[in-house]
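A.B. asks: Sequence:
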Amino acid sequence: MDNFIFERKLKWIPYDKFKNVEYLDKGGFGTIYKAIWFYDNKDNEVILKLHNDLSENLNEFLNEWKYHESCLSSYDIVYFYGFTKDPDTLKYMVVMDYANKGNLRGNLTRIIKSDWNQKLYMLFEIISGLDDIHEQGLIHCDFHDGLCKPVKSFLKKYDIYGVIPFMAPEVLRGKSYTPASDIYSFSMIMWEFTSGIPPFNNRAHNIQLSLSICKGERPEIIENTPQCYVDLMKKCWDENPLKRPSSKEVLNIIKNWIASPYNVKVKDFNGKLKYYIMEFINAPIGNDNNLATESHSQAYYTSRLLDFTSKQLNEILESRDLLVYYSSRSTSGIVNEILESEDSQANVKVNKMLVCKDLDDCLI
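Going by UniProt numbering, the residue at position 249 of the sequence shown is 249; the numbering climbs one at a time, nothing skipped.
Wrong hints could be hidden among the right ones.
Stated by the list, open to error - Mimicking BS3-like on lysine-lysine, the simulated pairs with C-alpha atoms at most 27 Å apart in a straight line are: (1) K175 with K234; (2) K235 with K274; (3) K234 with K113.
These are computed hints drawn from the structure, not numbers from a lab.
Using the sequences and the hints given, assemble the complete structure.
C.D. replies: Set out below in structure tokens:
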């Protein structure tokens, strides 16, 4: 650790330089604290992130922060100051900038009341940050806690870690994270900008929901959402990752929506693009949907290690007879719950609700 700090010219910050340290949040990989650090002749609000099992995974952890450092050119990524050590636990902690406006989810009420021009600007900033990560040859993987995180993690084979509604179906089934899986997560943020609530907030985030997502269920399209926006969102959450647009493509589309009214050089502005712009201009502000605003008691929007594996999920999806499959494992209660869930949705449009502190916890 000491050599890494010296080589990368990072700061070692004595713990006694922090004051008003208070617990903020906890995720599967660690605990987050908020503190005041007197630096550069002023008090600065910072985040202290204590990673679980850091001593056992030090090399991997240091590699992660080398990646993080390479992404700092993006203004959308939280600044990394250096390291400190908790004197009580003797565990290393990462010192990061504190996004005082909170995370995306905490601002949905404010965002939903914004006009579409403001929403598009916010989405443009988010996709710009993601595109910067992809340009570096990296993948976010956990698009919601604001970190530029490499593909390799501390998980065992078949483990699933994350926030279910923001996880692409192929990732739930055990495939590796790709830029396309990040784009899937971005589609959930797009949906939040139309609904004002987190995806699948009225559902338990369990194996049943994961099965539904893998079988094609997506959030319900909100009435009066501009059709061009809906079309892009659907492309981003396509079941086939090869059919999802790249971050660069999404970036350029949103950029055109924002810039076109002021740029007479944009091709086709008098045609299809002009129609799209008018959709945003004429779209109502806010939402009048009837979606539940109170979250289910088992809806989790902090990354966690799920209590089922991708292997179990695939066995269920690939089984021709779920009842026989579960009966052989004496879990009839689970299969009944799954079958009842499927039956209740048989006549419903294959759309409802959905896995970013996450892409939903994109810091703003």
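A.B. asks: For every hint, state whether the structure bears it out.
C.D. replies: Cross-check of the supplied hints:
Under the criterion of a C-alpha separation no larger than 27 Å, the hint pairing K175 with K234 is consistent with the structure, at around 21 Å. A distance of roughly 21 Å separates the Cα atoms of K235 and K274; the hinted pair therefore holds under the 27 Å criterion. Between K234 and K113 the alpha-carbon distance is near 23 Å, which keeps this suggested pair within the 27 Å criterion.
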